[in-house]
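Chemist: Each protein sequence line maps, in turn, to chains P and B.
According to this note's numbering, the first sequence is numbered sequentially starting from 1.
According to this note's numbering, the second sequence is numbered sequentially starting from 1.
No wet-lab data here; the hints were simulated from the structure.
Remember, predicted model here, so these are calculated numbers, not experimental data.
Beta carbons: idealized from backbone N, C-alpha and C, even for Gly.
Please note that the accuracy of each hint is not assured.
[Unchecked claim] In silico negatives: residues of chain B with every beta carbon more than 10 angstroms from chain P:
id	residue
1	Ala43
2	Tyr71
3	Leu79
4	Ser92
5	Gly99
[Stated by the list, open to error] The calculated lysine-lysine pairs, modelled on DSS-like cross-linking and capped at a C-alpha distance of 30 angstroms, are:
id	chain 1	residue 1	chain 2	residue 2
6	P	Lys101	B	Lys22
7	B	Lys22	P	Lys100
8	P	Lys30	P	Lys101
9	P	Lys165	B	Lys22
[Claimed, not checked] If you only want the chain B side, here are some residues facing chain P, beta carbon under 8 angstroms, derived:
id	residue
10	Ile21
11	Lys22
12	Gln23
13	Leu48
14	Arg49
15	Ser56
16	Val59
17	Val60
18	Ile62
19	Gly67
20	Asp69
21	Gly73
22	Pro76
23	Leu85
24	Asn93
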Amino acid sequence: MCGASSGARNRGTQVAAEGHSSIDALSQFKLEPALGAIGHSVNFTQANLMMVVSSVLVLALLWIGMSPRAMVPGRLQAAAEMCYETVMSMCTDQIGHEGKKFFPLVFCLFFFILFGNFLGVFPYFFTFTSHIAVTLAMSLFVFIVVTFVAIERHGLHFFSYFVPKGVPAVLLPLLVPIEILSYLSRIISLSVRLFANMMAGHVMLEVFAAFIIMMGTAGGLLYVGSAISLSVNVILIGFELLVATLQAYVFAILTCIYLHDAVHLH
Amino acid sequence: MNTESNGPDGSFNSRLQAARIKQGLETPPKPTGKIPGGAGASAWGIGLRLGVEMVSALVVAIAIGYGLDRYFGTRPVLLLVFLPLGIAAGISNVWRQFGREE
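Construct all of the structure, not just a fragment, from the sequences and the given hints.
Modeler: Dropping the structure here:
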């Protein structure tokens with residue numbers, strides 16, 4: 001959800017009462033029921049709505065894009081094929097031959113996050129990846145899948161993953177807990193990276209959008225500052241697009257790297 | 001695969017190895033844990049990644065230490081045990097990603 005528009009919508013009366021004296025950067029992340037009375041009764045928030053929209057868009061891209069099944073693809077089919085091939089090469093390059101088994105998982109994660117991030121850039125839309133609850137759920141899921149794959153492949157041998165090679169036995173009681181903590185910290189680092197990037201970007205958008213209004217209403221020389229804030233916001237939108245792609249890519253590639261560790265162990 | 005450093009014959013060998021990996025005849029080399037793609041390698045991005053790596057290990061260590069302390073009623077002994085371990089794990093996380101830079 002973008003900038004001043006959301007602030008003005010959510011707290012219109014309050015902002016007017018305060019005389020534009022405060023920057024309200026966080027109310028854009030507030031969850032509100034969507035879809036009227038039905039959504040209200042089942043607590044279907046706008047975050048859920050955006051998740052559904054994101055999934056439907058991914059499905060639509062693949063479904064409509066691949067429906068012609070032409071030898072020489074049209075634009076949409078080329079896009080759908082490119083999506084497929086990008087993730088496929090990501091899987092095989094990082095995980096190896098077995099990576100093809102994990103293609104559906106990585107594909108879903110990558111495009112769900114990517115479309116969620118992109119949708120968040122539109123004004124009045126909600127960025128569901130800016131909630132730690134969402135990203136933590138996804139990274140927990142990845143962590144559990146990775147651990148199960150490792151145990152299924154290697155059995156109890158999996159626990160040798162926590163024993164670094166070429167280390168004197170005296171140091172092992174110290175190093176094994178460190179390795180386990182490092183392994184567990186993947187959950188936090190994977191989720192916080194995505195969440196922090198999306199949230200920081202949207203807070204910045206909101207802050208500069210508030211500057212536009214505050215300086216614009218103050219008048220005089222501050223019109224210049226207002227114009228500068230507006231141009232900064234334009235640049236930030238472009239930057240947000242970069243961050244959206246990059247963070248989805250990072251999430252997917254790290255999932256692949258973790259799966260490589262699980263499949264090959266060391 | 002370092003195509004450049006292998007000399008004139010290296011490109012064939014590395015392409016052969018890539019093809020063998022793709023067919024599942026060889027296991028791919030262990031990823032370095034570094035995130036590929038230079039696009040995110042701005043100072044801001046590196047700083048954020050570094051901070052996240054360090055803090056996440058610390059958060060896990062503190063959570064485990066505090067939780068076990070609550071369970072056994074030994075506050076603050078286990079927290080003090082896990083805190084240095086968490087710091088060490090954080091540093092080893094960062095080292096794995098940013099150390100050994102050529």
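Chemist: Decide, hint by hint, whether the structure agrees.
Modeler: Each hint, compared with the structure:
Every beta carbon of chain P lies more than 10 angstroms from that of B/Ala43, the smallest distance being close to 14 angstroms; the non-interface claim holds. In this structure B/Tyr71 is separated from chain P by more than 10 angstroms, as the shortest Cβ-Cβ distance comes to about 17 angstroms. The Cβ of B/Leu79 lies farther than 10 angstroms from every Cβ of chain P, with a closest approach of about 14 angstroms, so its non-interface assignment holds. For B/Ser92, the requirement that its beta carbon stay farther than 10 angstroms from each beta carbon of chain P is not met, with the minimum near 6 angstroms.
At the 10 angstroms boundary, the C-beta of B/Gly99 stays outside the reach of chain P, the nearest C-beta of that chain being 14 angstroms off. For the suggested pair P/Lys101 and B/Lys22, the alpha carbons sit about 13 angstroms apart, so the restraint of at most 30 angstroms is met. Between the alpha carbons of B/Lys22 and P/Lys100 the distance comes to roughly 10 angstroms, so the proposed pair stays at or under 30 angstroms and holds. Straight-line distance between C-alpha atoms of P/Lys30 and P/Lys101 comes to about 38 angstroms, which puts the hinted pair past the 30 angstroms bound.
Distance restraint check for P/Lys165 and B/Lys22: the Cα-Cα separation of roughly 28 angstroms lies within the 30 angstroms cut-off, and the hinted pair is therefore satisfied. With its C-beta approaching chain P no nearer than about 6 angstroms, B/Ile21 sits inside the 8 angstroms limit, and its interface hint holds. A distance limit of 8 angstroms between C-beta atoms decides the matter here; for B/Lys22 the minimum to chain P is near 6 angstroms, and the interface restraint holds. Residue-level restraint check for B/Gln23 holds (minimum Cβ-Cβ distance to chain P is 6 angstroms; threshold 8 angstroms).
Satisfaction of the interface hint for B/Leu48 is found here, the shortest Cβ-Cβ separation to chain P being roughly 7 angstroms, below the 8 angstroms cut-off. Evaluation of the B/Arg49 hint against chain P yields a held restraint, the C-beta minimum of about 7 angstroms falling below 8 angstroms. At its closest, the beta carbon of B/Ser56 sits 4 angstroms from a beta carbon of chain P; the interface hint therefore holds under the 8 angstroms criterion. A least Cβ separation of about 5 angstroms between B/Val59 and chain P falls short of the 8 angstroms threshold, and the interface hint therefore holds.
For B/Val60, the interface hint holds, since its Cβ comes within 8 angstroms of a Cβ in chain P; the closest pair sits about 5 angstroms apart. Of the supplied interface hints, the one on B/Ile62 is violated, with its beta-carbon coming no nearer than about 10 angstroms to a beta-carbon of chain P, more than 8 angstroms. About 12 angstroms separates the beta-carbon of B/Gly67 from the nearest beta-carbon of chain P, more than 8 angstroms, and the hint is not met. About 16 angstroms separates the beta-carbon of B/Asp69 from the nearest beta-carbon of chain P, more than 8 angstroms, and the hint is not met.
A cut of 8 angstroms between beta carbons decides the hint on B/Gly73: the least distance to chain P is about 21 angstroms, and the hint is violated. Evaluation of the B/Pro76 hint against chain P yields a violated restraint, the C-beta minimum of about 18 angstroms exceeding 8 angstroms. Nearest Cβ of chain P to the Cβ of B/Leu85: about 5 angstroms, under the 8 angstroms cut. The hint holds. Look at B/Asn93: its Cβ gets to within about 6 angstroms of chain P, closer than 8 angstroms, so that hint holds up.
The structure fails hints 4, 8, 18, 19, 20, 21 and 22 (numbered hints given earlier, in ascending order).
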